[in-house]
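S.K.: Sequence:
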Amino acid sequence: MHRSAHTLVCLVYLLQPHLHDDSISTLFTPTLARAGPRRQCFPSARTPLNTPLSPFSKRACTAASYPSMAALKNKIRRIGKRKGATLKDVSAWRWIKTAARHFKQEGKIFVPNCTELIKSSHGRERAPQNPDWYYVRCAAVLRAIYLRPGVGYGGLSKRFGNKKNYGSRPEHTVNSSTGPLHWACKSLTKLGLVEPGAQSGQRLTRKGHKFADSLAFQVQIRKFGQSKV
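In terms of this note's numbering, the sequence shown opens at residue 56 and continues consecutively.
No lab work stands behind these hints, which were simulated from the structure alone.
A few of these clues could be false.
[Claimed, not checked] Derived DSS-like pairs (lysine-lysine); straight-line CA-CA distance at most 30 angstroms:
no.	residue 1	residue 2
1	152	219
2	262	143
3	265	163
4	174	163
5	174	218
6	245	143
7	265	152
8	159	262
Whenever a hint applies, use it, and build me the whole structure from the sequences.
M.R.: Written as structure tokens, this is what we have:
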């Protein structure tokens, strides 16, 4: 509609109470007289006639007709996304704690008898203080293999290394002990979550990928109260 014609329509709408012609009153009767809270909507030359701000629109110009900004962002975010989550979508520590709790409650994982005495690395000064540290290490190893398929004991040892204290001399990064890592991989292999790689190292099985992603979805539900679809 031309701007001048639109302005003329607006003037006729403003002069509506002074008009006595039934046809004109019926033609320009707005839909704002519905029950409920409403806003003051004045037509302008830049307001299209099909928008909620127009008095000639079919929808009532109420506060409930405008969705919140959070709802719009949530709707835009889930366009083209499927329901679920992967291990990469959640916090690492939250996923590791959930997996360690699952391993302990299930009771099927192999736990060596010397876990209370050994150190995880020669760079440590004492044995782990957490009595369930082996379950945590198995969960961390499973996550490391998920993120880097084909990694071997050398790569895992470097990943779980730490800085060794030499007193007054500078610290140096040392690798972790391969014994607990070897036991962790063997325990995960007995559960059917890990298998030897095609050429070398370790990789996750189909069951292992499904287990990791299902735990990630549980972590996401527990954090946000509901799944982010």
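S.K.: Next step is simple, just say for each hint if it's right about the structure.
M.R.: Verification of the hints:
| no. | hint | result |
| --- | --- | --- |
| 1 | 152 with 219 | holds, 26 angstroms |
| 2 | 262 with 143 | holds, 17 angstroms |
| 3 | 265 with 163 | holds, 18 angstroms |
| 4 | 174 with 163 | holds, 23 angstroms |
| 5 | 174 with 218 | holds, 14 angstroms |
| 6 | 245 with 143 | holds, 25 angstroms |
| 7 | 265 with 152 | holds, 18 angstroms |
| 8 | 159 with 262 | holds, 19 angstroms |
When each numbered hint is compared with the structure, no violation occurs for any of them.
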